[in-house]
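Work the whole structure out from these sequences, hints included.
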Amino acid sequence: MQTKHWQQRLLTLPPMSYLLIFFAVPTVIMLFASFRYAGEYGGLAPWYSYEEGKLAFDLTLENWQRLFETDIYLRLFAKSIGYAVLTTLLCILLGYPLALMIARSPRKHRDLLLLLVILPFWSNFLVRIYAWMIIFSPSGALTHMINSLLDIFGLAPISLMYSPTAVIVCLVYVHLPFMVLPLYANLEKHDPALLDAAQDLGATRWRRFWKITWPISLPGVYAGSILVFIPVLGMFAIPDLLGGTDGIMIANVIKQQFVESRDWPFGSVLSMVLTVAAVLAVLLGAKFGQQAGQTR
Amino acid sequence: MLEIKEITRNFDSFTALDKVSLSIEAGEFFTLLGPSGCGKTTLLRLIAGFDQPDGGDILLDGKSIIATPPERRPLHTIFQNYALFPHMTVADNIAFPLRMVGCKPDEIDQRVAEALEDVSLPDKGKHYPEALSGGQKQRIAIARALVNRPRLLLLDEPLSALDAKLREQMQLELIKLQQEIGITFIYVTHDQGEALALSHRIAVMNHGTIAQIDEPSRLYSYPNSRFVADFIGQCNLLAGTVEQIQNDRVRVELKGLGPVQTVIPPNATIEAGMACTLTLRPEKIRISSTLTQDEGEVHLKGVVHDMLYLGDVTVYKVELANGMLVEALLANSSAGRARFFEVGDQVEVAWGFEAGHLVMD
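Listed in order, the protein sequences are those of chains W and R.
So in my numbering, spot 173 of the first sequence is number 173, and the numbers just go up one at a time.
Heads up, my numbering is the position in the second sequence plus 1000, with the first residue counted as 1.
Do not rely on the hints blindly, as some may be mistaken.
[What the hints assert, rightly or not] Derived SDA-like pairs: lysine to any residue, alpha-carbon spacing no greater than 25 Å straight-line:
{"no.": "1", "chain 1": "W", "residue 1": "Lys211", "chain 2": "R", "residue 2": "Glu1114"}
{"no.": "2", "chain 1": "R", "residue 1": "Lys1104", "chain 2": "W", "residue 2": "Arg207"}
{"no.": "3", "chain 1": "W", "residue 1": "Lys287", "chain 2": "R", "residue 2": "Glu1130"}
{"no.": "4", "chain 1": "W", "residue 1": "Lys108", "chain 2": "R", "residue 2": "Phe1014"}
{"no.": "5", "chain 1": "W", "residue 1": "Lys255", "chain 2": "W", "residue 2": "Ile72"}
{"no.": "6", "chain 1": "R", "residue 1": "Lys1104", "chain 2": "R", "residue 2": "Leu1146"}
{"no.": "7", "chain 1": "W", "residue 1": "Lys211", "chain 2": "R", "residue 2": "Ala1091"}
{"no.": "8", "chain 1": "R", "residue 1": "Lys1104", "chain 2": "W", "residue 2": "Trp206"}
{"no.": "9", "chain 1": "W", "residue 1": "Lys189", "chain 2": "R", "residue 2": "Ala1131"}
{"no.": "10", "chain 1": "W", "residue 1": "Lys211", "chain 2": "R", "residue 2": "Phe1014"}
{"no.": "11", "chain 1": "R", "residue 1": "Lys1126", "chain 2": "W", "residue 2": "Trp210"}
{"no.": "12", "chain 1": "R", "residue 1": "Lys1317", "chain 2": "R", "residue 2": "Asp1294"}
{"no.": "13", "chain 1": "R", "residue 1": "Lys1126", "chain 2": "W", "residue 2": "Thr213"}
{"no.": "14", "chain 1": "R", "residue 1": "Lys1063", "chain 2": "W", "residue 2": "Thr204"}
{"no.": "15", "chain 1": "W", "residue 1": "Lys211", "chain 2": "R", "residue 2": "Arg1045"}
{"no.": "16", "chain 1": "R", "residue 1": "Lys1104", "chain 2": "W", "residue 2": "Thr204"}
{"no.": "17", "chain 1": "R", "residue 1": "Lys1126", "chain 2": "W", "residue 2": "Asp196"}
{"no.": "18", "chain 1": "W", "residue 1": "Lys211", "chain 2": "R", "residue 2": "Arg1111"}
{"no.": "19", "chain 1": "R", "residue 1": "Lys1104", "chain 2": "W", "residue 2": "Arg205"}
{"no.": "20", "chain 1": "W", "residue 1": "Lys108", "chain 2": "R", "residue 2": "Asn1010"}
{"no.": "21", "chain 1": "R", "residue 1": "Lys1126", "chain 2": "W", "residue 2": "Phe288"}
{"no.": "22", "chain 1": "W", "residue 1": "Lys287", "chain 2": "R", "residue 2": "Tyr1128"}
{"no.": "23", "chain 1": "R", "residue 1": "Lys1165", "chain 2": "R", "residue 2": "Glu1130"}
{"no.": "24", "chain 1": "R", "residue 1": "Lys1126", "chain 2": "W", "residue 2": "His190"}
{"no.": "25", "chain 1": "W", "residue 1": "Lys211", "chain 2": "R", "residue 2": "Cys1103"}
{"no.": "26", "chain 1": "W", "residue 1": "Lys189", "chain 2": "R", "residue 2": "Thr1041"}
{"no.": "27", "chain 1": "R", "residue 1": "Lys1126", "chain 2": "W", "residue 2": "Ala193"}
{"no.": "28", "chain 1": "R", "residue 1": "Lys1104", "chain 2": "W", "residue 2": "Trp122"}
{"no.": "29", "chain 1": "W", "residue 1": "Lys189", "chain 2": "R", "residue 2": "Gln1080"}
{"no.": "30", "chain 1": "R", "residue 1": "Lys1104", "chain 2": "W", "residue 2": "Phe209"}
{"no.": "31", "chain 1": "W", "residue 1": "Lys211", "chain 2": "R", "residue 2": "Asp1294"}
{"no.": "32", "chain 1": "W", "residue 1": "Lys287", "chain 2": "R", "residue 2": "Asp1092"}
{"no.": "33", "chain 1": "W", "residue 1": "Lys108", "chain 2": "R", "residue 2": "Asp1051"}
{"no.": "34", "chain 1": "W", "residue 1": "Lys108", "chain 2": "W", "residue 2": "Trp122"}
{"no.": "35", "chain 1": "W", "residue 1": "Lys211", "chain 2": "R", "residue 2": "Arg1072"}
Please keep in mind that the hints were generated in silico from the structure rather than gathered at the bench.
The structure is reproduced here in structure tokens:
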């Protein structure tokens, strides 16, 4: 008993210390930084001074007050959460039928189909976003086609590039596999006899889906939603490259604070809010997932 | 009530059902019995509607139901693993078929309560299926299938997942339930003992065809083929040739054993010179150490080759003159006496003329 206990601890030591050093400690540093003053040339100002034998702490709530001075940051948060929710919903809408199709296809085809789902991971994330920049570019075939169609109906041409639409399309594209994989893992385990039984007891195709397949798949839906929602909430590369001024998200502002404005403390404030939002989302998703799991 | 007409079902080059016809009466407990791969489950799925036949027709009360989808056939199936919905409570499971036809909530509550009462689990409504034992799941599956009074209940090896004791108890419950509600049961099993115990009539199936349809006792006493004789219960099969027919008696030349007399089987066309098999149930064979010369009996010499003590009975395997082993059952009627003979004992094997049943090959 005792030795088993020690072995378990030994095995969890590397991941635990990794998380402690690279996640917990930086988070605490960030939290602390959000109460400090910015340094003159970026970075942070000293947090205490020693003058005339007296120790003084140079800490402030200014950074946090600044968050609420205008509604621009809160609106940006709301917008980012909106983007993340929309992306998650679109991923469910597109990913669910795909996962269901793979789970119900003959066993010998499933591995190949799954491979196709994760195939995009074989090329670099940034390369794939650049590909979308080409697709959306004003001289691209897609824009040409849409605009000539619009022209027929006498409508003004549009630009696909640098718009919230471009950001959402790309966010969905990048995160779709994270929805499909947990959904597939869940759907693949469903007992086909349950659908036979439901049909036998009088359920039409539509009701078999909504009364049997969908409720049993909810833990998969929540798992996929967490995997999509959290990274989308903190995404800056896609809005940076495709979003223009309309399409920016909160993470772009955070990056701006650290890199361009050199205001680390305020950047820390925004980061903390984002972290709390993400943690809340995980807890919420885990709670629903657990509930759905319990009623199985 | 249910009529199956020349149903054929092919899977690629394999013929699962070959022009199968049978008709089932209202209120009957009808069993499809056969080894795995004989087509019994395929036939059940065709009746339920999960599969479409390649030929033939299925009539319910004189009307074809081939084109009716499973959800609109007035019959329900009990699946092998019960197929209870894991995300619903027991009460919601039972309410499912009622909700599908749009019953009122009050009526649903009342009928679910009645159904739970019927299967003697009145307080399990709020539980989830995973909290139930195998036997309880079985009962809930039955309650769910019967709650909206189908015309027909199909049962696909429903007891195969239960242990022997519980299975026997559930068999008795099924018989009682079927008698009480009077719904026609079509039961699929590969267990001949179960089929004999439960059914009014049994269809023995083999290689996609029906070998014999009869009542359990007739099936056991008068099998129409070697296959049925061998499949239902234990049976000694002695190959031979018909020699002579006299009144109600037949003289059969058994291979390597000489001539024996037996009675003419009912409904059989029989001619001298036909190849046949004498089927003999182990419990109808007598073995003794002393030679007797009763009239009306067949007497053969043998040596005890093997024995199997089963508690209530002992099975003796006796080697006959032609090297064939016949099985005989002896009840261990007196306490403490487990064996009458030892391996290697010279014994006499005897059976009455009417004990054997002749089948034509």
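Taking the hints in turn, this is what the structure says about them:
1. For the hint linking Lys211/W to Glu1114/R, the alpha-carbon distance of about 24 Å falls within 25 Å, and the restraint holds.
2. A hinted pair counts as satisfied when its Cα atoms are at most 25 Å apart, and Lys1104/R with Arg207/W qualifies at roughly 18 Å.
3. With a C-alpha separation of about 21 Å, the suggested pair Lys287/W and Glu1130/R falls inside the 25 Å cut-off, and the hint holds.
4. Distance check on the hinted pair: Lys108/W and Phe1014/R sit about 22 Å apart at the alpha-carbon level, within 25 Å; holds.
5. Of the supplied pair hints, the one linking Lys255/W and Ile72/W holds, its CA atoms being roughly 16 Å apart against a limit of 25 Å.
6. For the hint pairing Lys1104/R with Leu1146/R, the CA-to-CA distance comes to about 18 Å; that is within 25 Å, so the pair holds.
7. For the hint linking Lys211/W to Ala1091/R, the alpha-carbon distance of about 15 Å falls within 25 Å, and the restraint holds.
8. For the suggested pair Lys1104/R and Trp206/W, the alpha carbons sit about 21 Å apart, so the restraint of at most 25 Å is met.
9. For the given pair, Lys189/W sits about 20 Å from Ala1131/R by alpha-carbon distance, which is consistent with the 25 Å threshold.
10. Restraint check for Lys211/W and Phe1014/R: the C-alpha separation of about 36 Å exceeds 25 Å, so the hint is violated.
11. A threshold of 25 Å between alpha carbons decides the hint, and for Lys1126/R with Trp210/W the separation of about 22 Å falls inside it, so the pair holds.
12. In summary, the hint linking Lys1317/R to Asp1294/R is supported, as the alpha carbons are separated by about 23 Å, within the 25 Å threshold.
13. Between the alpha carbons of Lys1126/R and Thr213/W the distance comes to roughly 21 Å, so the proposed pair stays at or under 25 Å and holds.
14. The straight-line distance between the Cα atoms of Lys1063/R and Thr204/W is roughly 22 Å, inside the 25 Å bound, and the hint therefore holds.
15. Annotation: proposed proximity of Lys211/W to Arg1045/R holds, straight-line Cα distance about 23 Å (limit 25 Å).
16. At roughly 19 Å between alpha-carbon atoms, Lys1104/R and Thr204/W fall within 25 Å of each other, so this suggested pair holds.
17. Between Lys1126/R and Asp196/W the alpha-carbon distance is near 24 Å, which keeps this suggested pair within the 25 Å criterion.
18. Restraint check: the Cα-Cα separation between Lys211/W and Arg1111/R comes to about 20 Å, which is no more than 25 Å; the hinted pair holds.
19. Under the criterion of a C-alpha separation no larger than 25 Å, the hint pairing Lys1104/R with Arg205/W is consistent with the structure, at around 22 Å.
20. With a C-alpha separation of about 23 Å, the suggested pair Lys108/W and Asn1010/R falls inside the 25 Å cut-off, and the hint holds.
21. Restraint check for Lys1126/R and Phe288/W: satisfied, since their Cα atoms lie roughly 21 Å apart, inside the 25 Å limit.
22. For the proposed pair Lys287/W and Tyr1128/R, the alpha carbon gap of about 20 Å is at most 25 Å, so the pair holds.
23. Proximity of Lys1165/R to Glu1130/R is assessed by CA-CA distance (about 22 Å); at most 25 Å being required, the pair is judged to hold.
24. Taken as a hint, the Lys1126/R and His190/W pair is honoured in the structure, with Cα atoms around 23 Å apart against an allowance of 25 Å.
25. Proposed proximity of Lys211/W and Cys1103/R is supported: the alpha carbons are some 16 Å apart, at most 25 Å.
26. Using a Cα cut-off of 25 Å, the hinted pair Lys189/W and Thr1041/R holds, with the two alpha carbons roughly 24 Å apart.
27. Restraint check: the Cα-Cα separation between Lys1126/R and Ala193/W comes to about 23 Å, which is no more than 25 Å; the hinted pair holds.
28. Proposed proximity of Lys1104/R and Trp122/W is contradicted: the alpha carbons are some 55 Å apart, above 25 Å.
29. With a C-alpha separation of about 18 Å, the suggested pair Lys189/W and Gln1080/R falls inside the 25 Å cut-off, and the hint holds.
30. Pair hint Lys1104/R plus Phe209/W holds up; C-alpha atoms about 22 Å apart against a cutoff of 25 Å.
31. Restraint check for Lys211/W and Asp1294/R: the C-alpha separation of about 72 Å exceeds 25 Å, so the hint is violated.
32. Our distance criterion of 25 Å between C-alpha atoms is met by Lys287/W and Asp1092/R, whose separation comes to about 23 Å.
33. As the CA atoms of Lys108/W and Asp1051/R are separated by approximately 23 Å, the hinted pair is consistent with the 25 Å bound.
34. As the CA atoms of Lys108/W and Trp122/W are separated by approximately 23 Å, the hinted pair is consistent with the 25 Å bound.
35. Distance restraint check for Lys211/W and Arg1072/R: the Cα-Cα separation of roughly 17 Å lies within the 25 Å cut-off, and the hinted pair is therefore satisfied.
When held up to the earlier numbered hints, the structure conflicts with 10, 28 and 31 and fits the remainder.
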